[in-house]
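Novice: Chains A and B are the protein sequences, given in the same order. Yeah, the first sequence ends on 172 if you go by my numbering, and it's all consecutive. Yeah, the second sequence ends on 336 if you go by my numbering, and it's all consecutive.
Treat the hints as calculated values from the structure; they're not laboratory data. Each hint can be trusted.
Pairs of lysine to aspartate or glutamate residues, derived as DMTMM-like cross-links and limited to a Cα-Cα distance of at most 25 Å, are as follows:
| hint | chain 1 | residue 1 | chain 2 | residue 2 |
| --- | --- | --- | --- | --- |
| 1 | B | K229 | B | E192 |
| 2 | B | K334 | A | D90 |
| 3 | B | K229 | B | D272 |
| 4 | A | K80 | B | D301 |
What follows is a set of in silico ranges between Cβ atoms, one per label pair, in the way DEER data are often shown:
| hint | chain 1 | residue 1 | chain 2 | residue 2 | range |
| --- | --- | --- | --- | --- | --- |
| 5 | A | Q118 | B | N257 | 32 to 42 Å |
| 6 | B | P330 | A | Y111 | 16 to 26 Å |
| 7 | B | P300 | A | S113 | 29 to 39 Å |
| 8 | A | R87 | B | S280 | 31 to 41 Å |
By construction, the Cβ of each residue, glycine as well, lies at the ideal position given by its N, Cα and C atoms.
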Amino acid sequence: MGLEAKLSSDGYLTTKLDAIIAWARSNSVWPMPMGISCCAIEMISAADPKYDIARFGSEVMRFTPRQCDLMIVAGTVTYKMAQVVRRIYDQMPEPKWVIAMGACTSSGGMYRSYNVVQGIDQFLPVDVYTAGCPPRPENLLNALITIQNKIKKSKARDYQDKILPELELSKN
Amino acid sequence: MDLKTTIIEKIKSKFGDALEEVTDFREDLSVTISPEKILEFCKFIKNDNDLSFEMCKDVTAIDWATRKNRFTVVYHVYSFKNNFNLRIKANLKDDPPAIDSVTPVWKSANWYERETYDMYGINFINHPDLRRMYMPEGFEYYPLRKDFPVMGIPGSLPLPEKND
Numbered sequence: 001m002g003l004e005a006k007l008s009s010d011g012y013l014t015t016k017l018d019a020i021i022a023w024a025r026s027n028s029v030w031p032m033p034m035g036i037s038c039c040a041i042e043m044i045s046a047a048d049p050k051y052d053i054a055r056f057g058s059e060v061m062r063f064t065p066r067q068c069d070l071m072i073v074a075g076t077v078t079y080k081m082a083q084v085v086r087r088i089y090d091q092m093p094e095p096k097w098v099i100a101m102g103a104c105t106s107s108g109g110m111y112r113s114y115n116v117v118q119g120i121d122q123f124l125p126v127d128v129y130t131a132g133c134p135p136r137p138e139n140l141l142n143a144l145i146t147i148q149n150k151i152k153k154s155k156a157r158d159y160q161d162k163i164l165p166e167l168e169l170s171k172n
Numbered sequence: 173m174d175l176k177t178t179i180i181e182k183i184k185s186k187f188g189d190a191l192e193e194v195t196d197f198r199e200d201l202s203v204t205i206s207p208e209k210i211l212e213f214c215k216f217i218k219n220d221n222d223l224s225f226e227m228c229k230d231v232t233a234i235d236w237a238t239r240k241n242r243f244t245v246v247y248h249v250y251s252f253k254n255n256f257n258l259r260i261k262a263n264l265k266d267d268p269p270a271i272d273s274v275t276p277v278w279k280s281a282n283w284y285e286r287e288t289y290d291m292y293g294i295n296f297i298n299h300p301d302l303r304r305m306y307m308p309e310g311f312e313y314y315p316l317r318k319d320f321p322v323m324g325i326p327g328s329l330p331l332p333e334k335n336d
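Isolated chain B (complex conformation) (with noise of 0.2 Å):
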């Protein structure tokens, strides 16, 4: 059985229920998890002896602005053992957006998902840190997301006075 059946197959006998899509485009395999078993999911894929996903490269997140459920946050898991990259996707459902953090599995996720925080206004729950990285302390707004203008919002940064 070769790498990717038996990554699949376990997933799906541990998480049939939660497992909402699995996709394999041009040798980039994604799966889809229910939120609320992202921070179990990611337990067992990194602690599993034969996936062993010691490496969490990058959490992110998508604005898809019209769609009912708003937000997708995406992982980017690596196994030195297989030499192999996963791409993990949770649709969320809560307004205002949350999902559990996964800073106790991969300490690499503090900043990615402080970052994310920062730009989607994604809340990680149970985020040791979770403050503002980017944009000022204090920053209303959250500019990745698609209603955020360009330009900004006027006055919501403020400047030095210009006094001379």
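So here's chain A without its partners, still in its complex pose (with noise of 0.2 Å):
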């Protein structure tokens, strides 16, 4: 009966390398959950079994950036914190994405003033804006699936001569 007969049969299918490589990439984001505030709370719920981010492969989160292709920034990110999210994203391989998770980081919020910066788009290159303040765990996985469907479109070569962040130690 149509294709499952035929893979029961041969064991193998025919397919673009573009299509299953975007394909495995999309299924299985792991996001670097980078909570700062308020927000974070949010994502934590998008990890608990009424959300269930595992439904997407995404509930493997690292706190660590070396194995992560996802950023979610989830709180209001001040001047002196913007050094550390660029150097925390900096150190994740390519390909990688990130997530504005709600008002503070994507404009600052409603925090006008000096210390914060207005949104990160200032220093990181990002993907996804969600809005709320603080937005909803369904609202993160709408960002999440975003992301997918962007993952979906790529192709491998886009990123093959990405290279691998280097580790500073020197510099420490």
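Using the hints, put the two chains back together into the complex; each one sits in its own frame.
Specialist: As structure tokens, then:
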């Protein structure tokens, strides 16, 4: 019966390399949870059984940039914190994506003042902005699905010249 | 003699000349002392057996912006023995503003004074560790001064470079 019957007899199928790589990538997005304030609690909720981020293959929150390909910046980014966020982003291997979660991260939110960065796009390439203060977990999942769609359209060769980040051990 | 009168009498007899003002507004006692005497004054009210203001709850400042003596440093101290709060003020005359640190009297004043230094640029003489607290080291401005713009001064706080 159709494709399934064909697979059970021969055990292989043909596809384009780009398609299968993009498919694999989009269904195993590992987030770097960059939780800085209240948004982080909603992000944690997205991982609980009710919202279950594991449905999207994204339950592996690593708390280290080395193995992540999605940075969820959840919270108010101050000028002091911006240096840290950027450093962690730089340590993530390519290809990588960024979700700006919530009003503070996207635009400074209610903090129109000297100490809060008025939008992380000033120092990070953002792929998806999530509205809300803080956004509900569903909204974060929506952002994740948007990222997945973006990844599905990507080509493997877009990233082949990208290099792994170098450790800056000598500096410290 | 009730407690408030005792406190006022004691302070008056000891610091008559240095005491600039005593106000009692809605059960809130405030004394204004000349800044040269602040350390001596604080030592006295802490160690005196009747007063014993053992706890320094806060040190902050006021920027009057247009006034001649622009800054006022405000201390909130508390006496466990009497369950009594006292506010101490000192109008600073110098420019740049400076006053003796009260950390030898209350250890807790250390961070409060650092915070006040960070936000108002008031120097606390003989403070053991007068460094920036909220703002990055090397920041040139004092954000809670009245002439500091709310959105900051463009370029004064560096951001990481966006290179892709």
